[in-house]
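Visitor: Here is what each chain is made of, one letter per residue.
Number of protein chains: 2
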Amino acid sequence: MTEKYQQFRKHVGEIFDLDAVVSVLEWDQQTYMPSGGAQVRAMQIATVYRLWHENLTGDEFSAALEAAKEETANLDPDSDEVRIIRHMQREVDQWRKVPSEWVSEFKRLTTLAHQAWEEARANDDFAHFQPHLEEIVQMRRQYSEFFAPYDHPYDPLLDYFEPGMKTSDVKAVFDELRPRQVELVREIAERGAPVDDAILRQNFDTSKQWDFGIEVIKALGYDFERGRQDKAAHPFTTSFGIGDVRITTRFDPKYIGTALFGTIHEAGHAMYDQGISPSLDRTDLINGASYGVHESQSRMMENLVGRSRPFWKAFFPRLQQYFSSQLGEMDLETFYRAINKVEPSLIRVEADEATYNLHIMLRFEIETALAENKLSVADLPEVWNSKMEEYLGLTPPNDADGVLQDVHWSSGYIGYFATYSLGNLMASQIWTKMEEDIPDLTNQIERAQFAEMLAWLRENIHQHGAKFEPLELLQRVTGNTLSVEPYLRYLTGKYEEIYKLS
Amino acid sequence: MTEKYQQFRKHVGEIFDLDAVVSVLEWDQQTYMPSGGAQVRAMQIATVYRLWHENLTGDEFSAALEAAKEETANLDPDSDEVRIIRHMQREVDQWRKVPSEWVSEFKRLTTLAHQAWEEARANDDFAHFQPHLEEIVQMRRQYSEFFAPYDHPYDPLLDYFEPGMKTSDVKAVFDELRPRQVELVREIAERGAPVDDAILRQNFDTSKQWDFGIEVIKALGYDFERGRQDKAAHPFTTSFGIGDVRITTRFDPKYIGTALFGTIHEAGHAMYDQGISPSLDRTDLINGASYGVHESQSRMMENLVGRSRPFWKAFFPRLQQYFSSQLGEMDLETFYRAINKVEPSLIRVEADEATYNLHIMLRFEIETALAENKLSVADLPEVWNSKMEEYLGLTPPNDADGVLQDVHWSSGYIGYFATYSLGNLMASQIWTKMEEDIPDLTNQIERAQFAEMLAWLRENIHQHGAKFEPLELLQRVTGNTLSVEPYLRYLTGKYEEIYKLS
Numbered sequence: 006m007t008e009k010y011q012q013f014r015k016h017v018g019e020i021f022d023l024d025a026v027v028s029v030l031e032w033d034q035q036t037y038m039p040s041g042g043a044q045v046r047a048m049q050i051a052t053v054y055r056l057w058h059e060n061l062t063g064d065e066f067s068a069a070l071e072a073a074k075e076e077t078a079n080l081d082p083d084s085d086e087v088r089i090i091r092h093m094q095r096e097v098d099q100w101r102k103v104p105s106e107w108v109s110e111f112k113r114l115t116t117l118a119h120q121a122w123e124e125a126r127a128n129d130d131f132a133h134f135q136p137h138l139e140e141i142v143q144m145r146r147q148y149s150e151f152f153a154p155y156d157h158p159y160d161p162l163l164d165y166f167e168p169g170m171k172t173s174d175v176k177a178v179f180d181e182l183r184p185r186q187v188e189l190v191r192e193i194a195e196r197g198a199p200v201d202d203a204i205l206r207q208n209f210d211t212s213k214q215w216d217f218g219i220e221v222i223k224a225l226g227y228d229f230e231r232g233r234q235d236k237a238a239h240p241f242t243t244s245f246g247i248g249d250v251r252i253t254t255r256f257d258p259k260y261i262g263t264a265l266f267g268t269i270h271e272a273g274h275a276m277y278d279q280g281i282s283p284s285l286d287r288t289d290l291i292n293g294a295s296y297g298v299h300e301s302q303s304r305m306m307e308n309l310v311g312r313s314r315p316f317w318k319a320f321f322p323r324l325q326q327y328f329s330s331q332l333g334e335m336d337l338e339t340f341y342r343a344i345n346k347v348e349p350s351l352i353r354v355e356a357d358e359a360t361y362n363l364h365i366m367l368r369f370e371i372e373t374a375l376a377e378n379k380l381s382v383a384d385l386p387e388v389w390n391s392k393m394e395e396y397l398g399l400t401p402p403n404d405a406d407g408v409l410q411d412v413h414w415s416s417g418y419i420g421y422f423a424t425y426s427l428g429n430l431m432a433s434q435i436w437t438k439m440e441e442d443i444p445d446l447t448n449q450i451e452r453a454q455f456a457e458m459l460a461w462l463r464e465n466i467h468q469h470g471a472k473f474e475p476l477e478l479l480q481r482v483t484g485n486t487l488s489v490e491p492y493l494r495y496l497t498g499k500y501e502e503i504y505k506l507s
Numbered sequence: 006m007t008e009k010y011q012q013f014r015k016h017v018g019e020i021f022d023l024d025a026v027v028s029v030l031e032w033d034q035q036t037y038m039p040s041g042g043a044q045v046r047a048m049q050i051a052t053v054y055r056l057w058h059e060n061l062t063g064d065e066f067s068a069a070l071e072a073a074k075e076e077t078a079n080l081d082p083d084s085d086e087v088r089i090i091r092h093m094q095r096e097v098d099q100w101r102k103v104p105s106e107w108v109s110e111f112k113r114l115t116t117l118a119h120q121a122w123e124e125a126r127a128n129d130d131f132a133h134f135q136p137h138l139e140e141i142v143q144m145r146r147q148y149s150e151f152f153a154p155y156d157h158p159y160d161p162l163l164d165y166f167e168p169g170m171k172t173s174d175v176k177a178v179f180d181e182l183r184p185r186q187v188e189l190v191r192e193i194a195e196r197g198a199p200v201d202d203a204i205l206r207q208n209f210d211t212s213k214q215w216d217f218g219i220e221v222i223k224a225l226g227y228d229f230e231r232g233r234q235d236k237a238a239h240p241f242t243t244s245f246g247i248g249d250v251r252i253t254t255r256f257d258p259k260y261i262g263t264a265l266f267g268t269i270h271e272a273g274h275a276m277y278d279q280g281i282s283p284s285l286d287r288t289d290l291i292n293g294a295s296y297g298v299h300e301s302q303s304r305m306m307e308n309l310v311g312r313s314r315p316f317w318k319a320f321f322p323r324l325q326q327y328f329s330s331q332l333g334e335m336d337l338e339t340f341y342r343a344i345n346k347v348e349p350s351l352i353r354v355e356a357d358e359a360t361y362n363l364h365i366m367l368r369f370e371i372e373t374a375l376a377e378n379k380l381s382v383a384d385l386p387e388v389w390n391s392k393m394e395e396y397l398g399l400t401p402p403n404d405a406d407g408v409l410q411d412v413h414w415s416s417g418y419i420g421y422f423a424t425y426s427l428g429n430l431m432a433s434q435i436w437t438k439m440e441e442d443i444p445d446l447t448n449q450i451e452r453a454q455f456a457e458m459l460a461w462l463r464e465n466i467h468q469h470g471a472k473f474e475p476l477e478l479l480q481r482v483t484g485n486t487l488s489v490e491p492y493l494r495y496l497t498g499k500y501e502e503i504y505k506l507s
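Respectively, the protein sequence lines represent chains A and B.
Be aware that the first sequence starts at 6, since it is given in the numbering used here, and climbs by one per residue.
Be aware that the second sequence starts at 6, since it is given in the numbering used here, and climbs by one per residue.
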């Protein structure tokens, strides 16, 4: 490449560095930072983030971007160069609408809010978190205003996580999904053969849980030379570059599902980030096409792989070796049914696949109401509980297992949740295509052979990073736009068999 | 304070943030970063460090500094405000002489060199580290040239770590110290009663070593609410703010001294950083008066406290509980003599107090020769070994235990080592004064009571941070300038008794 593009690329690298540094600071905050570090950490993050914003939206970078654009006008529109330029143009256009002061203050606020949320959840004390969340919601409304006019005040929040997606699109998807998903859950409850998951709720030594989880994600293809796993209050994946993609997990000594499926979920995210083309390293494009596409990879690993019968044909004997007194007597089929038990539950991250999206719809309704200023933060616990009753027939016994359960709002992530459901849909669409391309897939999984699967995902999804917008990528891979059908087909097929409905 | 000072103070905080962020990135690099992260980490550190330098040396900050100076002209010259301004003026004057590109490139270089050094040491392969060190030495020579004219090309390197100290000052101190220290070592070898330290060289479970170390440094006063301990290849202390001061340590399963005295040493550094006045937080002044003063605190804890008889009167029974099969039969006196055995040895950080400074003199001679361009990096292993023979009568069996043993050069720290010896001298001077002020000190240590000692150090040393230059601080505390006498008196008294020389 010629000089002007190289100059632009150097800027992109430096802007990326600052973004990655914020991620390192946040990773440390959530894994190892002593409590005394919170105040200065918030300032450190705010300062770096402000510099990130100033560099991204400054005239110098815009000039470099323009120069690079001219120079590369005749290149293949799918080349890295053109796509990096296009992506950065989008970033500049977006972030130029947001003042640096807002960016810096929002980061400072959410860094402190995260700490308050951790304390509030630990002490079941919503009031401790409430003032933080009120400020966050207020600033997120401001954020939306920077992008006025909009069809819906939630659109800019959603677009931040899922480029190109509108509130009305998500509503349409949920309207299509809701009745059929509710119907499935109802059928299971009324006609399903009983499933018992008590065996998952025994005492499981957490260091053995750790070891087994590591064994599984190594087999799946997570590369520990370019990553590591640590413990955190709320599991997450973070990438500082293609060579350093870290995951976190957490343990429940009385329930094996928390760490197991959480670890596989995060490894799904991480393998995406590790699989991105080195030619995109030190650019913002290594964060993936969107949060939805990211969730398609994590939810695919967690569910389509990690809760499948072929997968446990391979791994159940190993799990029995780790926990012979708890699981030694059990047969694979009972275990498989146990990990797929459908039951309305309080905690989203532990929800089965049939009820999972209902947790999301509840959050989506609350978030859109917050964005519309039709709901006050003070009323959240009550509204949460009444929606839980409506969607899942449960009332949380406390806020820690209710409105305080998720980390997202404390991080300022209002607009994120819908991407989990979008990810579920995409995962099934992508899986359907992958099964066509790898006829032997089930067999390979039964033998714990994931190399071909991972290679297919790298080739079709991972390597591209954010070169393509989510729906563009989906079209390229599957030949289709977003659809609920493959997902519902998968879900119905799986549960009709487990619950002997047909 | 008024508006202009506040504006200046805000700048100081943001500049500090960037410096602290680099420290976080380096801490992570040396504790948890997977190897795949090294390349982008080097770029991240370089980018942030460049921004730090640009902000510090930019016209905007200089203007803010000038404005604050005018506004505070009539304040007490010892006030925080005046001292912060004076310190930042010194920083600006110093760093304006160094181009931003140099700063950024040097950080990138040393970040990668650190990784190469770790590998070189692990594989006893100096050639792997040599090209990195050659670049570092070359850049350090460039650095000196930025400060020309100088009395000695090593002066600017030394001044970086020990403000106000010249190469000739250190030479004079070493010339005074050398003959008397060599004489003491010779006397011990020729006339001393034998001391056996084989009992320190048994199998010691490292997790028990960890636990005992934690118990000791908690008792000394290291605050885990505002810090933490992790493992690293070479122990270090790092401060991201007064509320987040971290230490690292390492373990030898066959020698209890490594972790034990290393941990106490780092806790000495860390208690200094934790004791700095909150009014100085988010300023560069929280890094302490100098590296020499810092070493005075770490070497004091390690040696004057941690290798003293009163200390082990308190802690030896506990250590015996941890390691009853190894130490259960032993009496305190034998243990005390063992941990103070004088014997020329290969590794500086494990050297006894009598030979320690000889390790430093060797390094000082090598570093000054490198600065004078009288020594090439390729010759270092040979020169190292011949100087080891000359000073300590030993020839390292390999470079890993020779020229590759220390982390400092890989971090670009040429000019640091002398501060250990200066710290030894200062520690004895400060200790002498403290003993006058706390007549009951020995008694308190025997009862593991360190609160009054720590309060005295906070009051007289810690709280001031870098408000005073090292010799100014020493004068304020002890009424004297730097002197070898208290140190030699301490050393001679201690070893005459242990080795029954008189």
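Hints listed in this document are in silico derivations from the structure and should not be mistaken for laboratory results.
Computed from a predicted model, the values in this text were never measured in an experiment.
Just so you know, even glycine gets a beta-carbon here, dropped at the ideal spot from N, CA and C.
Mixed in with the good hints, there may be bad ones.
With the C-beta cut set under 10 Å, the calculated list includes, among others, these residues of chain A facing chain B [what the hints assert, rightly or not]:
| # | residue |
| --- | --- |
| 1 | A25 |
| 2 | Q49 |
| 3 | R55 |
| 4 | G248 |
| 5 | P258 |
| 6 | R287 |
| 7 | V388 |
Visitor: Honestly, which of those hints from before does the structure not fit?
Guide: 5, 7
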